[in-house]
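Visitor: Work out the full structure: start from the sequences and follow the hints.
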Amino acid sequence: MRLKSWQVLAVGPLALILLALAACGGGDNATNTPTATGGSPTASGATSSASPLSGTLEIFSWWTTGGEAAGLQALYNLYPQVCPGNVTIQNSTIAGGGGDAARQVLASRMQGGDPPGTFQIHMGHELLDSYVASGDMQSLKSLFDSQGWNTAFPQGVLDIVSKDGIPYSVPVNIHRANVLWYNKKTFTDNGLTAPTTFDQFFQVADALKAKGITPLALGDKDTFESVQLLETTLLGSLGPDKYKGLWTGTTDWSGSDVTAALTTFQKMLTYTNDDHSSLTWDQANDLVIQGKAGMTIMGDWVDADNKAKGFTDSGWVPTPGTSGTYDALSDTFGLPKNAPNPDAVTCWLKLVGSKAGQEAFNPLKGSVCARTDCDKSLFDTYLQSAIDDWKTDTIVPSLAHGAAASPSWLSDISDAVTSFVSDRNVSTLQDRLSTACKTATVCS
Amino acid sequence: MIKSEAASPPKEGWLPRFRSSPPIRFLTSERAIALALVSPSIILVAIFVYGFIGWSAVVSVSNWHNINPDYSYVGLDNFKDLFQNFRFQIDIRNTVAFTLMFVLACLVIGFVLASLLDRHIAAEGVFRSIYLFPMAISFIVTGVVWRWLLAPRAGVNLLVSKVGWNPDYSWYTDSKVVYVHQGSALGDALHSIGIGFLTNPNYGLPLAMISVVIAATWQMSGFVMVLYLAGLRAIPDELKEAARVDGASEAQVLRHISFPLLRPVTLSAIIILGHQSLKIFDLVVSMTGTGPGFATDVPALFMFQSTFRANNFARGAAISVVMLATVSVLIIPYLYWSLRKESRL
Amino acid sequence: MTIRWTRVAIYAVLVIFALLYLMPIYVLVVTGLKNFREVSLDQMWDLPSGLHFSSFREAFKALDHNMWNSFRMVIPATILSCMLGSINGYILTKWRFPGSDIIFFLLLFGMFIPYQSILIPLVKTLQQGHLYGSLWGLIVTHTVYGIPITTLIFRNYYAGVPTEVVEAAKIDGASIFGIYTRIIFPLSIPGFVVVAIWQFTSIWNDFLFAATLTSNPSVQPVTVALNNLAGSFIVEWNVQMAGALIAALPTLLIYIFLGRFFMRGLMAGALSAQ
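Residue numbers (the working numbering), protein chains in the order written: chain A, 1 to 444; chain B, 1001 to 1345; chain C, 2001 to 2274.
Note that these hints are calculated values from the structure, not bench results. Heads up, some of the hints might be wrong.
No farther apart than 30 Å at their CA atoms in a straight line, the calculated lysine-lysine pairs in the DSS-like style are these [claimed, not checked]:
#, chain 1, residue 1, chain 2, residue 2
1, A, Lys-355, A, Lys-163
2, B, Lys-1080, A, Lys-438
3, B, Lys-1080, A, Lys-309
4, A, Lys-307, C, Lys-2061
Incomplete in silico selection of chain A near chain C, CB under 8 Å [to be verified]:
#, residue
5, Gln-90
6, Asn-91
7, Gly-156
Ideal Cβ placement from N, Cα and C applies to all residues, glycine included.
Guide: Structure follows, in structure tokens:
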């Protein structure tokens, strides 16, 4: 088969054109609809939107399995009742790294000008210092006003989700970071009671260590676990006001009270397991469940883990020195400025901030409502005690989970902590933490 | 015709063999056709590689430290900060350590297995498949499995303890770095010749990295084995027989005949393994994360976290530029040398 | 007698290595066959209490659609990048013009960039081409980033084809393209095998691009779906390991059954021709 030269010459550009055509014409954006149907509790108390909605609503999160996915599905089931019409919900999820993979994809999309309808993001500086600062999020002030959320949510939460008095995201749930979990049987066998102060903690730890039981199980493969341990130690040592001051620049990072807190942190690390860097938090919890360790300090998602593993002998107290303080983190949803189908998104936000929505989501997820008026009876034992605390405790933002500091600042702190867990040098750590505050332009 | 070529010994490395044949004389219209045929690739690579590298370079000298793009020029500040950053210094050390260990292990194990298999082994195909198949698995799965296998509390330690041996090695949770200590004999010797700065953990070997090397070697040594096997099989028996007849021992045959002829294969393997190890990411993320005291942290991971977790785009771009520069430093001289060699023929 | 012992030693070494190489697969399979309560670090080596195929079933149900997506992505991308690599290799070795070596070098360099660093401009570019979020976006991406390695392998391979063959065909009046279709292409089969196997494996196993460039779960390749099986907080290891095996099955089968041709391709000069 002899081709003429011009025919051959055309091959190159032709191939390119073909590719381009396939690109424009093709693309299967077949939408995935994980049901917007199914039996579900009636959506009383949630304001329905006026006109019927349509189109696709893309919800971006990292809730892919277990209770999280179940909770999300419960919200999807409620959606058509609260937001009548025929909206197709696209459940875009990416798992991994406690949201790391999702954050990366989200950043690429937001930078690339292709925002999802709404996305899961932690309350506080994780959102405020990123997409709010860049002007990519809509103000939700009118929504909060019209839905009565200024009274339904505690003031502490309103403070955290707002910048200059304007709220930018709706908290679906609340998790608590300052919880000390212990194995009740291990404690009773050894005649121990759960510690509430650092002194008691070290007494208990010594007793456990003498019996060959790891006092404090730590699994920091994902780094956030040791940052969380630092934050609860800071909180217990400094108290809620000074702790909050760390994030606003009013507390001096180089001060002696911080030094004392860091020294306590250093001491706590001496009671942890050597292989902590190979374990994730749930594998550390396994050690407690198996009786190989006595305690672990971790957020209240441990409750869900215990239930999944059938462990009923778990006890809990606030971490040493933090009774009466709720170290809070929350998953929230906001409204990006160029979001496709903003009406459907706004209705979704109404749903997740509503009593019905939160009552549907939280028992499955294993967290408490951000609202203070949820029906307690829907929740398990631990969560009920958490709900009581939530109504009365002082609320402080969590560091490790994006509420207290910007992502950049948190990253510098995490690096410093990773180094510290290895070299245990308090003055180096304190220097690096002070510098981090200055780099974040919060301290001067 | 190709088959007879394959029987003779490989003369050049399989990486850029610019030498091939004198150019065919052809007319300008044909030249146009030739250009047109490669033009799609050129255009695509120009955009997707060089265009994007350009973007990275621009960001690396910008002030873009938050979500908001800020392209104002800051000169080399980001690079200065980067090289002073304690984590990045550790990353450099880790990359050097990992690359040296990984490449060496793959070459040695690959060669040993290939030379063993080259001896009329029964069920050679089975052995070959077993050594080669880890390549089929993604680095992420490899990382997950080896994380379990080398977890101090389980895995290999557990297996070995079942037969009574309890070394209880800490594998990738080991934060120890092997380096020359100040005040040791070697340390003093280094001081006396003026390179005392080497007595620093940043110039040491992080023991935790060994675990990652094991996993990566498991994955890639089969490929090196196959390369060597093909290379060994291409060595004509006549050469070896001639040497043996002349009285050479097996070891000498190996040293003076096989090794030199395998040099191109070794070079190719080094290039492929080397560039993989400089970019290593998936394996580290799924297996160890950053490791105790950043013992298994690598630049690609630092770059990823800088850009997507800390929103520090400028620092992320600076790291990419450094990674690229490092690779270039290693690859370009080799390519240039090959090019010169060929044009001299 | 000495020879016998050497043979025994050789086989012993080979078998020991084989066991070491198979160790991870044992863990994968055994964990996949357990139920959730049995899965823990300290029971890692224990055989499962029974053959619980439920994790395989669950994993397969979760992954089957995504496996199909992966096939739909890998096959065109492999074909396209192989074709481009072949043509490039052919032109750059047989029809060299001033600057063709520079072009080769520039094409090759694309192999060395760290892909995390080009994610953002990549998303923007695909956005503008209306390719973002679809399998075609992935196909284009993998084709482009496959060009360096495929060109490299084919260039090497074709360098072993003597110029006289091409010269003779030219004298007979064949055009560039004619020579390719009638002479070069038929000779390229071993090269295609090596390149196709390599490309299939790398594209199938890619996670970074798959996760970044597709968000719709119905479009995502299997690597992303497998990762999502893990969940962000609580990991069901038995399902994960079962899923990992299922996701690795196509590439595993390719290496088991086509490994022989891979080797033949290597020997025929894809990597070590003169």
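Visitor: If a hint holds in the structure, say so; if it does not, say that too.
Guide: Hints versus structure:
1. Lys-355/A with Lys-163/A: 24 Å, holds
2. Lys-1080/B with Lys-438/A: 18 Å, holds
3. Lys-1080/B with Lys-309/A: Outside the cut-off at roughly 50 Å; violated.
4. Lys-307/A with Lys-2061/C: 25 Å, holds
5. Gln-90: 6 Å, holds
6. Asn-91: 6 Å, holds
7. Gly-156: 24 Å, violated
In terms of the numbered hints stated before, the structure departs from hints 3 and 7, listed from lowest to highest.
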